[in-house]
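Kindly produce the complete structure, drawing on both the sequences and the hints.
Protein chains: 2
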Amino acid sequence: MTARIKARVHVMLKDGVLDPQGEAVRHALGTLGFSGVQSVRQGKVIELELDADGPDQARDEVKAMCEKLLANTVIEKYDIEIL
Amino acid sequence: MTARIKARVHVMLKDGVLDPQGEAVRHALGTLGFSGVQSVRQGKVIELELDADGPDQARDEVKAMCEKLLANTVIEKYDIEIL
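Chains as they are written, first to last, in our numbering: chain F, 71 to 153; chain P, 71 to 153.
Check each hint, because a few of them may be wrong.
Which copy? The list can't say, so a pair holds if one copy fits it or any two copies do.
To be verified - With a cut-off of at most 30 angstroms between alpha-carbon atoms, the simulated DSSO-like pairs for lysine-lysine come out as follows:
#1 114 <-> 133
#2 84 <-> 147
#3 147 <-> 114
#4 138 <-> 84
#5 133 <-> 76
#6 84 <-> 114
Hints listed in this document are in silico derivations from the structure and should not be mistaken for laboratory results.
Listed below in structure tokens is the structure:
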């Protein structure tokens, strides 16, 4: 029996990869007076609703989506959460 | 005493607001054969490291950052997590 399952995927640049977008945010926060900010990394969050046979099957399917489309695994890491 | 605190902010479009980016991802997933996907919403995730006097003060500061810079509160909602 299929059920409607919600999943959340975080896609972030890998640790060694320069994040100019995060750096720009950090700089802008400094300009606005938030002086305590040490580092900023910015990524994507993707919330999906999908029909699957269960949480395990949903996780496998979302993993395949990440590998094929949602993340660029050369420079990005992803993290899947089934809600 | 100040401590180095990690925070994560999710910024998503509010529920009623059209999300063309998420819609494009949904369509692309369908094209790739992921037929069970019902809806996709895409947002931003921002990970910060900041110096603050404690978790409560950190949360207040991150909230101010969201209101001033990180989110457009007319069309976006945000959610703060202190890690």
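For each hint, the structure was consulted:
no.	hint	in the structure
1	114 <-> 133	both (15 angstroms within a copy, 19 angstroms between copies)
2	84 <-> 147	both (6 angstroms within a copy, 26 angstroms between copies)
3	147 <-> 114	both (11 angstroms within a copy, 15 angstroms between copies)
4	138 <-> 84	both (17 angstroms within a copy, 28 angstroms between copies)
5	133 <-> 76	both (14 angstroms within a copy, 27 angstroms between copies)
6	84 <-> 114	both (13 angstroms within a copy, 16 angstroms between copies)
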